[in-house]
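Dock chain V against chain F, hints included.
Listed below, chain by chain, are the residues.
Protein chains: 2
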Amino acid sequence: MNIDTGMVNAFQEGATDLDPETREMIERRKALLGPAYRLFYDKPLHLVRGEGAWLFDQEDNAYLDAYNNVTSIGHCHPKVVEAIATQAGILATNTRYIHGSILDYAERLLNTMPDEIGHMMFTCTGSDANDLAVRIAQAYTGGLGIVVTETAYHGITQSVSEFSPSLGANVDLGPHVRTVPAPDAYRQGEDMAANFAAAVEAAFADLKRHGIKPALFICDGIFASDGVFDGPRGFLKGAVDAAHAAGAVYIADEVQSGFGRTGDALWGFQRHDVVPDLVTMGKPMGNGYPVAGVAVRPELVEEFGRKARYFNTFGGNAVAIAAATAVLDVIEGEGLTENAREIGAYLQDGIRARAEAHPCIGDVRGAGLFLGVEIVSDRAAKTPDAAATSVIVNGLREERVLISACSKTHNVLKIRPPLVFTRENADQFLAAFDRVLARIK
Amino acid sequence: MNIDTGMVNAFQEGATDLDPETREMIERRKALLGPAYRLFYDKPLHLVRGEGAWLFDQEDNAYLDAYNNVTSIGHCHPKVVEAIATQAGILATNTRYIHGSILDYAERLLNTMPDEIGHMMFTCTGSDANDLAVRIAQAYTGGLGIVVTETAYHGITQSVSEFSPSLGANVDLGPHVRTVPAPDAYRQGEDMAANFAAAVEAAFADLKRHGIKPALFICDGIFASDGVFDGPRGFLKGAVDAAHAAGAVYIADEVQSGFGRTGDALWGFQRHDVVPDLVTMGKPMGNGYPVAGVAVRPELVEEFGRKARYFNTFGGNAVAIAAATAVLDVIEGEGLTENAREIGAYLQDGIRARAEAHPCIGDVRGAGLFLGVEIVSDRAAKTPDAAATSVIVNGLREERVLISACSKTHNVLKIRPPLVFTRENADQFLAAFDRVLARIK
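Residue numbers (the numbering used here), protein chains in the order written: chain F, 155 to 595; chain V, 155 to 595.
Please note that the accuracy of each hint is not assured.
Pairs involving identical chains hold if they fit within one copy or between any two copies, as the list cannot separate such chains.
The list that follows gives simulated cross-link-like pairs (lysine to aspartate or glutamate, DMTMM-like), each with its CA atoms no further than 20 Å apart [unchecked claim]:
1. Lys184 / Glu457
2. Lys461 / Asp326
3. Lys184 / Asp269
4. Lys184 / Glu261
5. Lys536 / Glu344
6. Lys184 / Glu270
7. Lys391 / Asp345
8. Lys184 / Asp173
9. Lys461 / Glu167
10. Lys184 / Glu453
11. Lys461 / Glu304
12. Lys197 / Glu553
13. Lys184 / Asp258
14. Lys197 / Asp214
15. Lys184 / Glu456
In short, the hints are calculated from the structure, not lab data.
So here's chain F without its partners, still in its complex pose (with noise of 0.2 Å):
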C-alpha cells in the first residue's frame, strides 16, 4: 500500500514478479509521463479493448470489471459510440452558439431532480463540477468554511484537493477545511446518524470559532472513498440540517453515487430525504466521453451569474451531449437502475452468504452496484484488515476479476461493476471470490 499518497491497490514500484513486456511499457511511462502516476494492482494490467463488463490485456485474456465506475452502461456501448461519431461529424462547438441538444437534455435531466433545482451548467469532469459548485456556494453564502468527511474524495484541481482528503498526507488542506468521521454504521450503529449531524454541527462552529464563516458541506452520497456507507436510508438528513443551521448550502456530489449507481433512484441522495443545494455529476455520465455538470437551486447562482459568467470551452459541445443523451436513453430505456438493484441485491446476499465460512468478512453493505466489503481480523472487535484487503484485491485480479478498496483504513472491499452487470456475471464474481476467500483462509 502507498499510505504516503492514501492510494489503496496501488502498484509497487521495485515489484519483481512482472513479465518483461509489462516491465518495459511500466519503465516507459515513467520515463514519458513522470512520478506522479499510479497503477492499479501488484502486477498492473494492460488492457487493449472492452466490451460490456469485460475488458481484455494484450493476449486477449477476458477480466471481468467490477469497478470501473465511468463505463456504466458496460464498455463501448454501441448506442454511445454512434451518439459521438454521428455528432462529431456534424458539429462540435461551444456555448456561446445556441444549440438546442443542450437544452433537451439540460431540461430532461432537471426533471430528475427535486423541484427547487433549476438550473444545469455543464464542465467536463466531476472535479470541475465539484470546483464551480465551490465557487457558486462561496460567492452565494460570502463564507469560505467546507466541512467534508475525512477520508473523502472529491477531485483534482487546487481548490478541491484542498477538501480531497483522501489525497493523503501530504497534499494539505485548506485551512477553511474541517473533516468529520465517517458515517460508520458498522462500527456505530444506531448512534451513527446523531454522531454525523453533531460532527457536521461541530466541526462548523469550530470554523466560525477561527473566524470562518461556513459556506458549504459536501458529500456524496455513497460515501465512495471513506468506506461505502449507504444507510440507514434518511441518516443523512441530519447533517444536513446542521449545515443549513449553520448558514452553509449542501452539495450533493452524485459524481460516483449518480446516474442510476445506487439502485433506488438516479441519485444517491434520493435514499435520504434530502434536497441539495447543488447537485454535481460526471464520471459515468457520458460513459468515458468527458462530461460533467452541476445542477443547482437558482437562488443560488443568481448573483454569481450576472457577475462572474461562466464559461467552459468543451463543457456541453456538442458532442458531450450527445454522448450524455445517449447514456440517459440506455439507463432508462434498458431500465438500468432497476437491475442495479436488483443484481446489486444478488451480488450482496451472495457475498453475505460467504461471511459464515470466512470470519474477514465483517460487514457486507452497499445500495444498488456499489457494495462495500469490509475485511477485518477479527471479527467481534471489528480490527481493520489492509493486508487480507490487498491480498483479496490482488487475487481476483489473478482471476481476473477487478475490484479495488478503499476507506481510511484501507480494509473495505470497493466494487462496483458496470449497471449492465448480469446475474451470470455476478455468479462468476462469487466463484472467482470463493477461490480467492479459499486461498487466504
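Then chain V, alone, in the frame of chain F:
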C-alpha cells in the same frame, strides 16, 4: 459590451432585433442553464453544422469561421472523427491501466519541445492544465506568488480564475497575485521589452515585500486576451529571466498559441528564445474532443509526483489520445504550421493594406493565424475605440464572417481562423471586411 464581466462581444439582455425562434431559444437557455452563460453577438447565432472553415445555421446559411481556436484543423475533420469513432468502439479507460498510445503520443509531443522538458501529463481542459501546472510550480518553489499580465485569461477553475483578470472586476484576484501591463509594442515602441521585464521584476519584488514567496510567472505565447502582442521576437526573454531571478518558474500557457497557430513553430514560446519550466496546452489539441495537458521539466515534478499522486479520470484516456494523435498527424502531414504562417501573412498584409483608407485601423499585428487589429478613434493618439470594434465584429457577423475582440480596452479585433484557412478564405474575409469598413467609415 458587458464591461462588468470583462467580456467583449457578449449578447446583451433586452436586445430587440431578434427573430422569434432565436428569442425563444435564448429564453429557454436562460431558464435551463441559468444566468452565468453568455452568448456571442448582438444577434446570437444558432449553429447546427460545421465543415472545414465553415459553420452553418439552422437555415443552412454558411458562416466563415475566423475565430474558433478549438477546431483548429477545421470543423469535423474526417480523420479526427474517424479516430474518435474507432477508438470509442475499442476502449476508453483510464491511466491506472497500462496503454501504449498515450506513451507514443507523449513521446511525439515531447520531441517537439526543448530538451529540458521531459514529462507529459494529461488533463481534459486548458483550465485543468493550468491548475495542475500551478500546483506543481507552487509545490516546487514553496512559494505562492503569481505574476500575470493585466488582461490575461488562463482558465476557470477557482485557483486559475484568481489569476485570470480578464474575467472582470467581479472575480477577485488572489492576494498572492500581481498583474503587469501587457507588452504593448504599439504604444511603448522600443521600450516595451525593458518595460515588461522591469514590471515583472517589480511585481515579484512587491510580492516579497508582502511576505509572499514567488512561485510563477505565467503568460500565453501571443498575449491572446491582452490584445495579441507577437513581437518583436525574443521580447519575452527579459521577463522570463526576471521571474527566474526572483526564484519563480515560468509557465508557458500554449492553450491558445500552441499547435502551429503562430506559424513559425508548433509552440508560441519558441518565437522568443526561451525555455519554459512548464508548458500547458489544450483547446485545439483534440480539435474539439476534450483533451489538454502539461509538459514539465522532470525536476519540477519529482517531489510532487512522489508525494501527491495525480489522477484525472478522463485525462489521457485512449479516445482522447486517438483524437490528439490524429490532430498532430494532420498538422504535420498537411503542413498546417506552414500554412498558418503563409496565409496569416497574406491576411495580415491584406488588412494592413486597408489601413490607408481607414484611419480606424491603428495597428495590424500577430503571428501565423492569430491576428490582432487595433481599432482607434484617433490614430495619432492611439485612442482605443471599443464602440467601433463592436460595430465591426457585429458587422462581420451580418456578413457571415465570425471573429471577436479582446484587450483591456475592448478594441482589438481577434482574428483566429482555422489552420486550414486558404488564400480564397482570406480573400472572402477581406471582401467582407471591406464591406463593413465602408459602412462605418
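Just pull the numbers of the violated hints for me, sorted ascending.
Hint check: nothing fails, all pass.
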